[in-house]
Amino acid sequence: MNGSGPDADIVVSSRVRLARNLRDLPFPYLATNSQLEAVLERVRRALGQEALAPYRFTWIPMDELDEIDKRVLVEKHLISPLLAEEARKGAVAISEDERISIMVNEEDHLRIQVLFPGLQLAEAWQLASRIDDALEAALNYAFHERRGYLTACPTNVGTGIRASVMVHLPALVMTQQVGRILTAIHQVGLVVRGLYGEGSEALGNLFQISNQITLGRSEEDILENLHGVVKQVIEHERTARRSLLETNRLKLEDRLSRSFGILSHARIIESKEAIQRLSDVRLGVDLGLFRGVTPATLNELTVMTQPGFLQRWAGQALTPEQRDERRARLIRERLNRAAGGES
Amino acid sequence: MMCQECGQRPATLHFTKIVNGDKTEFHLCERCAREKGELIPGMSNTFSIHNLLSGLMNFDVPTHTGHPAQALRCNVCGLTYTQFSKTGRFGCPACYEAFDAHLEPLFRRLHGATAHTGKVPARAGGVMRLARELERLKAELKQAVAREEFERAAQLRDRIRQLEAQIDHA
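Heads up: the sequence lines are chains A and B, in that order.
Mapping to my numbering: the first sequence position 85 is 85, numbers consecutive.
Mapping to my numbering: the second sequence position 75 is 75, numbers consecutive.
Keep in mind that a hint or two might mislead.
[Stated by the list, open to error] One side of the interface only, derived from the structure: several residues of chain B facing chain A at Cβ under 7 Å:
1. G7
2. C29
3. A33
[As the list claims (entries may be wrong)] Keeping only pairs whose Cα atoms sit at most 25 Å apart, straight-line, the calculated DMTMM-like set for lysine to aspartate or glutamate is:
4. B/K86 x B/D100
5. A/K272 x B/D100
6. B/K86 x A/E333
7. A/K70 x B/E5
These aren't lab readings, by the way, just hints derived from the structure by calculation.
Note that CB positions come from ideal geometry on N, CA and C, so glycine has one too.
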């Protein structure tokens, strides 16, 4: 994510995922290894079509990756923890620009996922649907006239679509309005989760808002509903930021600058503190407080300071203590370079 | 007891993981548990959605079919309705047909609706469209025969054969 895109000061990314299955094979959790291999083979052949050539997909079987490589893909949101940890005979096809990833043998045979920076739900859906059409030209999907696309879990049946938007809401958290707004979001059929989806904590004031209903509404309706709600959340966050600046500018600037100071000088930092401080710096950047630091640098750091990336950067497995030291060094170097200072 | 990961801090979190009957016990301090959690993001709740679903299914409610749901079994993958209601997951696409009579309330609770109104795939949708066209033509043929419009009936019969062949090859 390069930190660009519409409403990028608040919306980090937009994602659309489509769950699809082949008609004549059991869902992955019940399939035999040879049935899973048949899925891999068919999807791989379908990916070879001319219509998909421009995306330059790389095919990656999960069993060819070590734990650190898998972790890196999870941290980049290109695969799910489920595919990394539990899938037998799983694979992923990733487009050259990393906007599209197609997971094979996750909970469903296929999970087509498109990730765009900023608020671009319609764009993400159009691209996902194009990829879906191209794959369907070569694969027999499980589709039922009345129930739509058939999925392993009844929560995905119908459109099979899960659209989600990752938003950064520091001012709503600081002004303690976030709980009220998130409750309202639940009431209109949407779900709010932390950074890594289901059950995870909202670290660094990052929240994922996604649709829950997949049956009985069209994809366009589902996306419009989500888009409308996210637009309102964006407005609330902007209002909260303005009011913080008006009533508490000095205190706010002090807090954000302290976080910048810690990140650009610390020698040891735990990931939880890092992500919280990065949230402060991101707000500072959005408010024009720090020169030279861009949202792209911050997005990069948010991903790069996670355990998988740090270990790949080091080229070896690291203890938590070693990771804290490397994390601090990486952040220090990047921030000071961006701000034009010494590291 | 000390944390088995770092060996430095007291273990405050204790949990047991059972995979295929193999039991592993973990004793961790909060710090290491968090680090482990970071290594396996989202791990803690992987199964929660399915557990919740199983609560929504209340499968022993008698239904209009007169057959107890527990006796149902998908004849393609062998999954029973009882298994489905425990795991919250279908075994294969055919399960949707096998358990059809019991799914309406579940879908209504989950989605507030029971019928798909979204995208239709070109191929499956194509056959669907052809099948609908076929039904329409057959009805028209019946009427043509009844009205003794044999020329029109012959045309319709040829078109029906064409369509049937298309559907067979799709």
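Okay, the hints, checked on the actual structure:
Interface restraint check: B/G7 against chain A, minimum CB-CB distance 11 Å, threshold 7 Å, status violated. For B/C29, the shortest C-beta to C-beta distance to chain A is roughly 10 Å, which exceeds 7 Å, and the interface hint is violated. A distance limit of 7 Å between C-beta atoms decides the matter here; for B/A33 the minimum to chain A is near 11 Å, and the interface restraint is violated. Proximity of B/K86 to B/D100 is assessed by CA-CA distance (about 17 Å); at most 25 Å being required, the pair is judged to hold.
In summary, the hint linking A/K272 to B/D100 is not supported, as the alpha carbons are separated by about 47 Å, beyond the 25 Å threshold. About 51 Å separates the Cα atoms of B/K86 and A/E333, which puts this hinted pair outside 25 Å; it is violated. Of the supplied pair hints, the one linking A/K70 and B/E5 holds, its CA atoms being roughly 22 Å apart against a limit of 25 Å.
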